[in-house]
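Once you have looked at the hints, place chain G on chain S.
Residue numbers (our numbering), protein chains in the order written: chain S, 189 to 564; chain G, 189 to 564.
Simulated from the structure, these hints should not be mistaken for laboratory data.
In this text, all values refer to a predicted model and were calculated from it rather than measured experimentally.
A hint or two may mislead.
Derived DMTMM-like pairs (lysine to aspartate or glutamate); straight-line CA-CA distance at most 25 Å [claimed, not checked]: (1) S/K266 to G/D409; (2) S/K412 to G/E277; (3) G/K396 to S/E281; (4) G/K496 to S/E281; (5) S/K414 to G/E281; (6) S/K266 to G/D402; (7) G/K500 to S/E211; (8) G/K307 to G/D343.
There are 2 protein chains.
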Amino acid sequence: MKTRLFTPGPVMVPEKVLLKMAEPVFHHRTPEYENLFAKINEKLKKFFMTDGDVFTLASSGTGAMETAVVNVLARGDKAVTVRGGKFGERWDEICRAYGIETVQVDVEWGRAVDPEEIKNALDANPGVKAVFTTHSETSTGVLTDLKAIGEVMRDYDAALVTDAVSGIGAHELRPDEWGIDIVVSGSQKTIMLPPGLGFISVSKDSWKRIERSDLPKYYWDIMKYKKSIEMNQNPFTPPITLLVGLNESLDIILGEGLENLWARHALAAQAMRAGVRALGLDLFPTNPSNVLSAISIPEGIDGGLLVKTLKKNGIFPAGGQAHLKGKIIRISHIGYLDEYDVLSALSGLELSLKEVGFSFNSGDSVKAAQEVLADR
Amino acid sequence: MKTRLFTPGPVMVPEKVLLKMAEPVFHHRTPEYENLFAKINEKLKKFFMTDGDVFTLASSGTGAMETAVVNVLARGDKAVTVRGGKFGERWDEICRAYGIETVQVDVEWGRAVDPEEIKNALDANPGVKAVFTTHSETSTGVLTDLKAIGEVMRDYDAALVTDAVSGIGAHELRPDEWGIDIVVSGSQKTIMLPPGLGFISVSKDSWKRIERSDLPKYYWDIMKYKKSIEMNQNPFTPPITLLVGLNESLDIILGEGLENLWARHALAAQAMRAGVRALGLDLFPTNPSNVLSAISIPEGIDGGLLVKTLKKNGIFPAGGQAHLKGKIIRISHIGYLDEYDVLSALSGLELSLKEVGFSFNSGDSVKAAQEVLADR
Chain S
189 MKTRLFTPGP VMVPEKVLLK MAEPVFHHRT PEYENLFAKI NEKLKKFFMT
239 DGDVFTLASS GTGAMETAVV NVLARGDKAV TVRGGKFGER WDEICRAYGI
289 ETVQVDVEWG RAVDPEEIKN ALDANPGVKA VFTTHSETST GVLTDLKAIG
339 EVMRDYDAAL VTDAVSGIGA HELRPDEWGI DIVVSGSQKT IMLPPGLGFI
389 SVSKDSWKRI ERSDLPKYYW DIMKYKKSIE MNQNPFTPPI TLLVGLNESL
439 DIILGEGLEN LWARHALAAQ AMRAGVRALG LDLFPTNPSN VLSAISIPEG
489 IDGGLLVKTL KKNGIFPAGG QAHLKGKIIR ISHIGYLDEY DVLSALSGLE
539 LSLKEVGFSF NSGDSVKAAQ EVLADR
Chain G
189 MKTRLFTPGP VMVPEKVLLK MAEPVFHHRT PEYENLFAKI NEKLKKFFMT
239 DGDVFTLASS GTGAMETAVV NVLARGDKAV TVRGGKFGER WDEICRAYGI
289 ETVQVDVEWG RAVDPEEIKN ALDANPGVKA VFTTHSETST GVLTDLKAIG
339 EVMRDYDAAL VTDAVSGIGA HELRPDEWGI DIVVSGSQKT IMLPPGLGFI
389 SVSKDSWKRI ERSDLPKYYW DIMKYKKSIE MNQNPFTPPI TLLVGLNESL
439 DIILGEGLEN LWARHALAAQ AMRAGVRALG LDLFPTNPSN VLSAISIPEG
489 IDGGLLVKTL KKNGIFPAGG QAHLKGKIIR ISHIGYLDEY DVLSALSGLE
539 LSLKEVGFSF NSGDSVKAAQ EVLADR
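Chain S on its own, in the form it takes in the complex (with noise of 0.2 Å):
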């Protein structure tokens, strides 16, 4: 049995772009390394929608998030942080390891947080910089409403962050309209790569936040990479086979167009969502992402082995993390997958269920999904 990745990142990569990878490797200091670091600037530029940089750091999502916050930052400024997540959580504790004072706005998981949360925080907090907050919260498959959030922050002087790496390429976002000024992100999700590249928007407008920033930083100084990319390079050695992989995708993406793009994972996540609930299933947040299906389980069933089930079946999803360790199993709808995986995801929901004792009628969620695809 093949195994399927169903896993908010890592995800399947495509054969082709896996194959590029294993040509061999070539020097970047070299005119050929300029041209195709500018070509994937270009394209990162359309994906991030934006019109400001976008920068490529060897490091995991996790490295792009402190990126922001010491570019963004400076000693002794305030932020707030949206915690509903273990994501949301994350941007505070990065942002506490540089000694900055942070506004916490707790949001229950599973709940997306209110604009006007923000709004209470920055209103009650005045002199904020920045708020962090979490596109698609891949520990709890919520969508945040950055649209939204954009507006209230239009009357304040502080910066919007939002870590995207799930999010971004499964769901509209707008960063230079919506005015979100930094957007982080990684390369094992929607860019269907593996792991190993973050990523870091930086409108233009926020040069100002970026030059006062006395936050120390070496690796992670947004300035030297500035200063580099206007010479199609890089300020250290940069992971040449996945920048290589990076090209390959961004054209896969990029031919498919992002309007299509967001179609195509909001398609699959409707059929997952309508199989999930044929089962007699509920989703558990109450905005779900189209990155990813949170489903709660049922009463009486092990969480655990459900997990552990669908993996023997061949169906890769991910456990609850945190305090939803055994509450919820999630499925995620990125990466190298189409709308038949949708399916085989299914398939193997019901037959993993059977074996763990819950009861429902066989095929009702191969069923219900096939018929959210047939009426596209």
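Below, chain G without anything else, positioned relative to chain S:
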């Protein structure tokens, strides 16, 4: 014509490693990954010759250098930095980025630091907490005598930290025996992988320093890696394809045996140096490393043109950096190459020298190198 990479990183990667990395991506929160990572970590300890831990970062080598600085030092500490090339200077830049007062031991580029110079700096600056050195300085081709430095430092309570990014594997390096506390390296050198992984080895005695460190950090926080490695995990998503490749590369290297590996690099370097000298050229450094041969460009020859001509002829060297630009060329002996590649490099050097107008007896360099190889 093939292009042969003779840059001191990135290097040529064995085909079997490249193809292994093209296998489907799997998830890292699995027993499969944990088994792999446990094996890798055991192999890394052998390669780094330490009973301590070796941590793998998703970063370039510079990230591993920064990790050393921010974990070994605390606010207000003083450190010695040995500045005898671009990478020695980088230690100083990183320390200063974190507000560390540095005692700069400046060494003329091309000369190796005398251990007495470090002793004098320690005597003149009581309370220095760490000495930052460069094992093989890639910008000049100089080898540092770390064993001797370890000896003079035994009477001081300062950590000995070394950047062995390119040197480890090419030269004998026994951190535990020689009193080296921290060794950093990267994937794209003697480990024969693409760039994208940084390594840091931490001696057992170093934990007391790390525990008192209060420099701000998150992604570079070695305590997070320590906690994770005990469960054969990484704190952040690992670059899984590079780790799969790492396992393969370490098998090749350790299968050969470290002493054989050092001997192979020594032989290649010796053959290269004999060939270079047979043409009437000089090595730039006084204490040349086996990682690379930095060759002084003779009077009247255009160094930039020589580099270009070599590339055109399929031999890809590195030029000089900073004030050595145009003054030296650098040909490495690391990566997936053997003695015939050394002959190829010399042959390409002869062809190219002829094209740029340097006079010598054709064939002298390959003859001299061949004699060294035959004598082994």
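Now for the hints, and whether the structure bears them out:
Between S/K266 and G/D409 the CA atoms are separated by roughly 23 Å; this keeps the pair inside 25 Å, and the hint holds. A C-alpha spacing of about 16 Å is found between S/K412 and G/E277, which places the hinted pair at or below 25 Å, so the restraint holds. The hinted pair formed by G/K396 and S/E281 meets the criterion: a straight-line CA distance of about 24 Å does not exceed 25 Å. Pair hint G/K496 plus S/E281 does not hold up; C-alpha atoms about 49 Å apart against a cutoff of 25 Å.
Only pairs whose Cα atoms come within 25 Å are accepted, and S/K414 paired with G/E281 is accepted, the gap being roughly 18 Å. For the hint pairing S/K266 with G/D402, the CA-to-CA distance comes to about 20 Å; that is within 25 Å, so the pair holds. Taking the CA atoms of G/K500 and S/E211, the gap is about 20 Å. The hint holds against a cut of 25 Å. For the hint pairing G/K307 with G/D343, the CA-to-CA distance comes to about 10 Å; that is within 25 Å, so the pair holds.
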